[in-house]
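Could you slot chain B onto chain A? The hints should help.
Chains as they are written, first to last, in the working numbering: chain A, 1 to 257; chain B, 1 to 257.
Keep in mind that the hints were calculated from the coordinates and are not lab data.
Take the hints with a grain of salt, since some may be wrong.
When chains are identical, the list treats them as one kind, so a pair holds in a single copy or across two.
Claimed, not checked - Cross-link-like lysine-lysine pairs, in silico, DSSO-like; alpha carbons within 27 Å at most:
| id | residue 1 | residue 2 |
| --- | --- | --- |
| 1 | Lys182 | Lys201 |
| 2 | Lys107 | Lys182 |
| 3 | Lys138 | Lys107 |
| 4 | Lys138 | Lys182 |
| 5 | Lys182 | Lys99 |
| 6 | Lys99 | Lys138 |
| 7 | Lys201 | Lys138 |
2 protein chains.
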Amino acid sequence: MKTMPAQAIQETHAFADEARDAVYRAIFSRRDVRGQFLPTPVPDEVLSRVLTAAHYAPSVGFMQPWNFLVVQSDQVKRRVHDAFAVAHAEAGDMFEGDKRAVYRTLKLEGILESPLGICITCDRERSGPVVVGRTHMKTMDLYSSVCAVQNLWLAARAEGLGVGWVSIFNQAELQEALGIPKRITPIAYLCVGYVSHFHAKPELESAGWLPRLPMEDLVYFNQWGHRDDQQSLIGHLRRDQAAAQEAGTANLSAAAK
Amino acid sequence: MKTMPAQAIQETHAFADEARDAVYRAIFSRRDVRGQFLPTPVPDEVLSRVLTAAHYAPSVGFMQPWNFLVVQSDQVKRRVHDAFAVAHAEAGDMFEGDKRAVYRTLKLEGILESPLGICITCDRERSGPVVVGRTHMKTMDLYSSVCAVQNLWLAARAEGLGVGWVSIFNQAELQEALGIPKRITPIAYLCVGYVSHFHAKPELESAGWLPRLPMEDLVYFNQWGHRDDQQSLIGHLRRDQAAAQEAGTANLSAAAK
Numbered sequence: 001m002k003t004m005p006a007q008a009i010q011e012t013h014a015f016a017d018e019a020r021d022a023v024y025r026a027i028f029s030r031r032d033v034r035g036q037f038l039p040t041p042v043p044d045e046v047l048s049r050v051l052t053a054a055h056y057a058p059s060v061g062f063m064q065p066w067n068f069l070v071v072q073s074d075q076v077k078r079r080v081h082d083a084f085a086v087a088h089a090e091a092g093d094m095f096e097g098d099k100r101a102v103y104r105t106l107k108l109e110g111i112l113e114s115p116l117g118i119c120i121t122c123d124r125e126r127s128g129p130v131v132v133g134r135t136h137m138k139t140m141d142l143y144s145s146v147c148a149v150q151n152l153w154l155a156a157r158a159e160g161l162g163v164g165w166v167s168i169f170n171q172a173e174l175q176e177a178l179g180i181p182k183r184i185t186p187i188a189y190l191c192v193g194y195v196s197h198f199h200a201k202p203e204l205e206s207a208g209w210l211p212r213l214p215m216e217d218l219v220y221f222n223q224w225g226h227r228d229d230q231q232s233l234i235g236h237l238r239r240d241q242a243a244a245q246e247a248g249t250a251n252l253s254a255a256a257k
Numbered sequence: 001m002k003t004m005p006a007q008a009i010q011e012t013h014a015f016a017d018e019a020r021d022a023v024y025r026a027i028f029s030r031r032d033v034r035g036q037f038l039p040t041p042v043p044d045e046v047l048s049r050v051l052t053a054a055h056y057a058p059s060v061g062f063m064q065p066w067n068f069l070v071v072q073s074d075q076v077k078r079r080v081h082d083a084f085a086v087a088h089a090e091a092g093d094m095f096e097g098d099k100r101a102v103y104r105t106l107k108l109e110g111i112l113e114s115p116l117g118i119c120i121t122c123d124r125e126r127s128g129p130v131v132v133g134r135t136h137m138k139t140m141d142l143y144s145s146v147c148a149v150q151n152l153w154l155a156a157r158a159e160g161l162g163v164g165w166v167s168i169f170n171q172a173e174l175q176e177a178l179g180i181p182k183r184i185t186p187i188a189y190l191c192v193g194y195v196s197h198f199h200a201k202p203e204l205e206s207a208g209w210l211p212r213l214p215m216e217d218l219v220y221f222n223q224w225g226h227r228d229d230q231q232s233l234i235g236h237l238r239r240d241q242a243a244a245q246e247a248g249t250a251n252l253s254a255a256a257k
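Just chain A, with the same shape it has in the complex (with noise of 0.2 Å):
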C-alpha cells in the first residue's frame, strides 16, 4: 500500500497559510464586547451569515436543538434589560470587599446599545429521548448549542460585529421577556452589533481582575498533572501564547489606522 509523506497529508487538507492565519486571527482578536456597541443597522445578508454559521455547528447525535431569536424591537430589549437589571443587583452583593466595589463599576453588557439582541436556545427534546452521543452524557445537548454561540462569535468578529454574552440573569426572568417557553432552556443572551473598536485585551485582564493563565500550566500528558518532559512543546506554547496576545495587539493597531 502506498502512503503518503506526513507532508503531502497536511498540505492536501490545511488551508493555505493566509487563509488559516485568518482563523486565528478570528479566534485571537475575538472579544466580549459590552461597551462600544454603534447604532449602525446590521444588513440581513451579513445577520444571515453568522446564523447560518451557528447553524453549522457540531451537534450531539446531530439533533441541531438550538433556535435563535432576533431581538430588534427597543420594547423587548427593555424587558430583557430589566431582567438584567434585577440579577446584576443581586450579583453586586455576592462579592466581598474590594471586589464588590470593582464589580460594580464593571460594564458587563449592552442591551439597550446593541442594534440586534440574539438568544440561543437549547430543544433537549428535539430529537427524541435517546440521542446518539448523549446515552451518557446528558449535557451533550446544552454543549452543542454553546458550539453554536462559538461559532457565530467568530463568524461576526470576521465581519466586523462585536458580540457579547450577557449571562446575567434569573433564567425565568429572561424566558418571560422573551416568551420562551419552560421547557426550552436559554443558553446564551447576545448582543450584537458594530463597535467602534475592539478591545486589544479582554477588560477584565485590562482590568487587573485576573491574569491571563500561562498554556504550560493548563497542559498535561497521558495523566492529570503529569508533566513530561516536552520541551519542544512547551517553547512552543510560550511563542505561540506571546504571539497570540500581540495578535490582539495589533488588531487594534490595524483598527487604528
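Frame of chain A; chain B shown alone:
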C-alpha cells in the same frame, strides 16, 4: 458629532473578503471525524497552535477553567477505549427497533487510531466561589470549556487536522482512565489527527439518521415562536444554507483533486 457611514464602519473592522471566507470555510467544512484518521504524527508546532486557539476562548469572568490533557500513550488510549466500549454497549440497548440495529453499525470514535487524544476539562473552583457572570447561570464555566473545544476544532480544520468528540463514557470511568480528580469535570474527549479525507456532510446526515433542519424554521423574532414578515432575511438564510451545504461538497472535491 461626526458619524461614520455604515459601509465605512464595516470596512474598518471586518476582515477582507478572502480572510472572512476562510473563517466560514473552517466553519462549514469542519466535521466530527471518527473513521478517517491516519497515523501521521502531529508536529509539536501544530499541536501548540490548536491548544493556544483553545486557550483564547471566551470564559465567564475570565476564569479560564480549562486544562488540556494530551494523550499520546497507547496504553492510556486503550484504557479510554475500554471505558468507551462499556458505555457504547449500554447505549445500544437504549435504542428501540430499527434504530438499535443501525446504532450498532455506526462508527462513533477513533480513540485508538488517532495519534492524539485531547481531554478538555473544567475546574469549577478555579477562581473562587463567586465569578463575574456566573452568579446566576451556574453552568457558564462548563460552557466556557465548550467554547475552548470549538476554537480548537476550527483551528484544527484550518491545519488540516480532523477532530472527533467522543461523549459515550460513564464520566467516572473516563476520569479513572485519565487520573482526573472528582472535582474536575471532563467536558470533551477529542480524537485528533490528520485524515485521509473529510466527509462532505455529517455522517449522521448522510446515513439518513436525521436531516439538516432548514434555517428559516429555527429563527424567531422578538418573541419565541414569532415569525415576522422578514422576507429579505429569510431569502438570505435559504441561499446561505444552500451555499453552506455546497461548501462541504466543494471541500470534498478539492480533497479529491
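As a check of your reading, is Lys99 near Lys138 (CA-CA no more than 27 Å) within one copy, between copies, both or neither?
Between copies only: 19 Å across chains, 35 Å inside a chain, cut-off 27 Å.
Homomeric proximity label, Lys182 with Lys201: Cα distance no greater than 27 Å
neither (37 Å within a copy, 33 Å between copies)
Using 27 Å as the alpha-carbon threshold, which applies to Lys107 and Lys182: within, between, both, or neither?
neither (29 Å within a copy, 35 Å between copies)
Is it within a copy, between copies, both, or neither that the alpha carbon of Lys138 lies no farther than 27 Å from that of Lys182?
both (18 Å within a copy, 18 Å between copies)
How would you label the pair Lys138, Lys107 (within, between, both, or neither) given a Cα cut-off of 27 Å?
between (34 Å within a copy, 20 Å between copies)
For Lys182 vs Lys99, is the C-alpha pair at or below 27 Å within one copy, between two copies, both, or neither?
neither (34 Å within a copy, 29 Å between copies)
One pair to classify: Lys201 and Lys138, alpha carbons no more than 27 Å apart. Within, between, both, or neither?
between (34 Å within a copy, 25 Å between copies)
The earlier numbered hints that this structure contradicts are 1, 2, 5.
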